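Input sequences plus hints: build the corresponding full structure.
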Amino acid sequence: MNHSISLTVNGARRDFVLDDPRVTLLDLLRERLHLTGTKKGCDRGQCGACTILVDGKRINSCLALAVSHDGADILTIEGIARGDQLHPVQAAFIAHDGFQCGFCTPGQIMSAIGMMQEAKAGNDPERIRECMSGNLCRCGAYAGIVDAVLEAQAGVDGSNQRRSA
Amino acid sequence: MKQFDYVRPATVAEAVAAAAQPGAVYLAAGTNLLDLMKGNISRPDLLVDVTHLDGLDGIERLADGSLRIGALVSNADLAHDAEFAKAYPAVAEALLSGASAQLRNAATVGGNLLQRTRCAYFYDTASRCNKREPGSGCDARDGENRTHAVLGWSESCIATHPSDFCVPLVALDAIVEIEGKNGRREIALDELHRLPGNTPERESALEPGDLIVAVRLPPAARGFAPHARYLKVRERTSYAFAIVSAAAALRVENGKIAEARLALGGVAAKPWRARAAEEVLSGSAPTADAFQEAASCALADAKPSGDNSYKIELARRIVVRALTLAAAGTPARIPALPASPFASTSGAMHA
Amino acid sequence: MPELNLTSAPAHLRHGSSIGQPLTRRDGVLKVKGQATYAADNHPPGMLFAVMAVSSIAHGRVTSLDVAAAKRHPGVVDVMTPDHKPQLAIDPEIKTNPFVFRMEVLQSNEVRYANQPIAVVIAETLEAATEGALLLAPRYEVLPALVGLDAGESFVPPVVGVGNPAENTHGDVEAGLASADKKIEVTYETPPQYHNAMEPHAIVAAWDGDRLQIDMPTQGLMLSLARVAELFGIAPDKIHIRSPFLGGGFGSKGLMAGPPVLGIMAAKLVGKPVKLVLRREQMYGPVGHRAPTRQRLRIGTDAEGRLTALDHHARTVSSTFDDFYEPAADASHTLYVAPAIRTSHDAVRVNTGTPLFMRAPGEATGSIALESAIDEMAWACGMDPLAFRLKNYAEVEPITGKPFSSKALRACYDQGAARFGWAKRPLQPRQMRDDDGLLVGWGVGTATFPALMFQAEARAAIRRDGTGAMEIGAHDMGQGAWTALAQIAADAVGLDIDRVTFKAGTSDLPDAGIAGGSAHTATAGAAIHSAGAAVIAKLADLATNDERSPLFGAGNAGVIARDGKLIRRDDESRSESYTEILARAGVAEVEARGTGAPNPAAMEEYAMHAHGAVFAEVKVDPELGQIRVSRMVGAFAAGRIVNPHLVKSQLFGGMIWGMSFALHEEAITDRRSGRIMNANLGEYHIPVNADVPPLDVITVEEHDPHVNALGIKGVGEIGITGSAGAVANAVWHATGVRVRRFPIRIEELLAQR
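Residue numbers (this note's numbering), protein chains in the order written: chain A, 1 to 165; chain B, 1001 to 1351; chain C, 2001 to 2753.
Read the hints as simulated data drawn from the structure, not as lab findings. Predicted model only: the values in this text are computed from it and were never measured. Every residue gets a Cβ at the ideal spot worked out from N, C-alpha and C, and that includes glycine. Please note: incorrect hints may appear among the correct ones.
List of simulated lysine-lysine pairs, DSSO-like, C-alpha gap at most 27 Å [stated by the list, open to error]:
| no. | chain 1 | residue 1 | chain 2 | residue 2 |
| --- | --- | --- | --- | --- |
| 1 | B | Lys1038 | C | Lys2071 |
| 2 | C | Lys2033 | A | Lys120 |
| 3 | C | Lys2503 | C | Lys2238 |
| 4 | B | Lys1038 | A | Lys57 |
| 5 | B | Lys1002 | C | Lys2272 |
| 6 | A | Lys57 | C | Lys2033 |
| 7 | C | Lys2238 | C | Lys2095 |
| 8 | A | Lys120 | B | Lys1086 |
Partner residues aside, some chain B positions facing chain A, computed with beta carbon under 7 Å [unchecked claim]:
| no. | residue |
| --- | --- |
| 9 | Leu1034 |
| 10 | Asp1049 |
| 11 | Ala1101 |
| 12 | Asn1105 |
| 13 | Ala1106 |
| 14 | Ser1238 |
DEER-style ranges, computed between Cβ atoms [what the hints assert, rightly or not]:
| no. | chain 1 | residue 1 | chain 2 | residue 2 | range |
| --- | --- | --- | --- | --- | --- |
| 15 | B | Ala1063 | A | Gln85 | 52 to 58 Å |
| 16 | C | Arg2672 | B | Ala1017 | 44 to 50 Å |
| 17 | B | Arg1333 | A | Thr8 | 34 to 40 Å |
| 18 | B | Ser1204 | C | Gln2087 | 49 to 55 Å |
| 19 | A | Asn10 | B | Ser1204 | 39 to 45 Å |
| 20 | A | Asp84 | C | Asp2546 | 39 to 45 Å |
Pasting the structure below:
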């Protein structure tokens, strides 16, 4: 059975016919749309490497059927920089060495962006650690990840202050 | 993953009709179902996608003071609903202690109630499992079972229910609204999950086609807000299932416990309401002795199902601690590490 | 090869020489944009998907596979089985050299461990291949599985680790114990652990006639190339392997394992490019793991707390069909001085995939046992555990009596203890509580890892436009080769780092040796350094032999290379740019090769090790037994630090692995079936972000003129050692409960309250 699906991926509308309802958002992105920045680490919702934003919220794309997300707005690691202009979270990850091998990094960054939009952790390192715990990093770059998020959050807080001033 | 058909019904009635067919299952967020399908534990023929149904994603306060939570409300949206978290803080804390932020963003209220056990032998399709394959036997019984049930288990099955959310819900007398072939009915959450007995494959009171459409917290559930906690012991600080957990909620009047609610997680095939322990507490002062007695009472019928006798003692201690924390009062803000023994706002309870 | 645009962010530009600068990762931009291409990200035209079916039994044979059912599934193209597969040129059971391990590539129906590959389904889509593999529904003849450290008759393996003797003796241990004032005998157990790199093993293989293109993460390009060449009977120069980025390796991607070979076979079978990616649960078998151990330590001390004897015996396991023995007891060779030291190993065979190198193989397992036992001995002597370690500080390598090439461990202890505040530690356990009433404990562990060197080669060039090139088939598995080796390259050719094209990560480049043993930066760095020196020497020849050059007559020794110029050493006002030299000589570029290799004379004379001291604080809930590490300080002396920014990350990572060893990681094997019951990332626990406290690393200044030309010792693995023991010792200090089985479980701490 074919299913017509329409998604917005990184701002561009994508219409296509899905010939198999088993395809997850993750496999759709990686194997059919060739957006391979999003990684598959476990395929079972246990590592967070596949984190993307769907309708503004971070989820594990490995546990989401594409067919069920008809109409969704999807943001992946490929969609957050503006050309050479890195997203502040991306830049902060580089500055604070928030990764080593880099494999979990797209998921970490998308998770961090999602977390900052959720605005539950603020600049509290303990809350950031808890709220980023859905993203495993085997290299052990957690300290850099937390520092990167703190820096990016400080940037957001700073611009909010400027706006309200 | 086995090939399946996929339908997206437009109404609840259509959904119920579709899902009543043999081999059909409901798909909500799929965070548990897809995991089970990828592991070849579930092999449905038809997925009935309910995520697009209208009217199941609201949180509404009813005239009688109840709260009605639509089955499609996400775990995160519910936990972060400020009014909800204020009125039912232990539920919010339990929700935020479960899984990861990503999973909580996707997972739904209805789906959480129906999540399957994490028993490794249930997940391992090469093992015998009466739940997965009725009558095949239970390889967990003599297997690696240090995390298995200590209450309500049978020789057929020693699996536990993994939900955090359900533990405070069952303590607060939550009601489950179900739409089925014969229309709408409701049952107490305590009656939704079944103990294994000789039929561990029958995990819930649901019939084919039954769709959980909402969970309701009765008016009295709000009365515990000032003294309600959820506590969860696990093997890493976050993103881990409970070894044992407890929800404790007290209504304190004039320095005495007017009413107590207590439930345990990770100890049985269902969220375990400890009514006898509640009785012990009712009318007593919130003292360490009373909490100890309640804990003994709550675990009176516990027995190890394997290498897990420690869980009985651990459960007693968690009960005491959860009651102690609840008596001390609900923190103004959910701790940075929800439900954790390391939640920094827990205060000097255990000095 | 993807075009790699590697650069540092402008905010982190270097000053002066490149080595020693805290540059950010030059592959950072690619990685944060999702543009770093890992093996499974490749998708050549016409590519098919291959999925392995693996055995659910640990021992026996496959009696049937429902190939027809798999083939009936829409999209399934073919099913590769022992009866239907391309022939290999050699028997995969033959060990052609010590770095070849036996693999299962459908050579028979025999099953020797759970999760062993038994078939491969190739399909047009990943979904079809995945379900096709399930539809094979294998039937088995099941034989009893050998499981655990007491599975059978033990034996003494011929060697442990890589060629170490199974037994080592220095002095008379029994006499030392007999004369001891105090002695302890303690037994520790460590579990099987799995590398679990975030990137599952993956391969994209494409044949073009007899040419083979491979995308595959590997820590050893040339070893992999040689193995593929011999297995498929083709010349190495027909094979091209790309491995620009590894999503972590930790030892599991060092040597060619069965699954990528199956991917190449599948591509040959169907005549199309094939991608084969392991499912997470399939990584618990055919790609190596850290073997379990049971370690008995007997230690004696005299009345002053000096060791009189140290006896360390380790039982471990290997597979039923190959040999790798975790050299755990060897951890006792280097740290503590004693008149008598004996280390010994024995083993049993079990139905498991062959154990393999896993980050600090032997050192990690041995360290947690040794450091715990040393703590127990200190307590028996009534001594502070740091004072006890200092009392038994080894001025020469205890087992050999050789002097150390350098050893700044005393400074590590001092600086680490000062930063941590160790002086305030109460001697008795269970004395400290935090404001919340949680038990607090402090522990210390000594870190050590050998400073190894392998063989490598590099090619350097200097071009007339004033740029340089350095080529070496090096591997970046996260440790930072793209950056650190480029820094060495820049200094080697006397250019700014952004003027040097640094090529790595493919098999057509000079052999960089294996990225393992914490020796890659040292080995590849030495080759780069030597290639740079050679190319500069050629350039200098052009200048100093040319009377038109201001450097004429300066001679090789009298010239230094800096900022794209050769400068007279005795007169810095006289210099000439590379461009000028090459333009006048009419040469487009000069090139030269260099090698890196161990120095046998230095190795004969010196013991070479990196050292460190790790201090950990844990909090333990007094009633509930849950543990959390609340801070760690590690002070490490590891020779020259090429990039402090990246070294800090490496050491942090190692310390987290140490914490994980003490508190989290364990593969749980069903003792009846031999199946691993937590072959996933949900229940095989590695630390999450919330487990990791603020970490502090001090890199202690250390100059080592003997290890290699650059004085580099390596930092990839040392962080685990010491850390695991420090955490375990801190748990004891918090609770008064000595747990001798790792990871430390909640129930072990419940007994006492």
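Next item on the list: Determine which of the earlier numbered hints do not hold for this structure and return their numbers in increasing order.
Entry: Violated hints: none; all satisfied.
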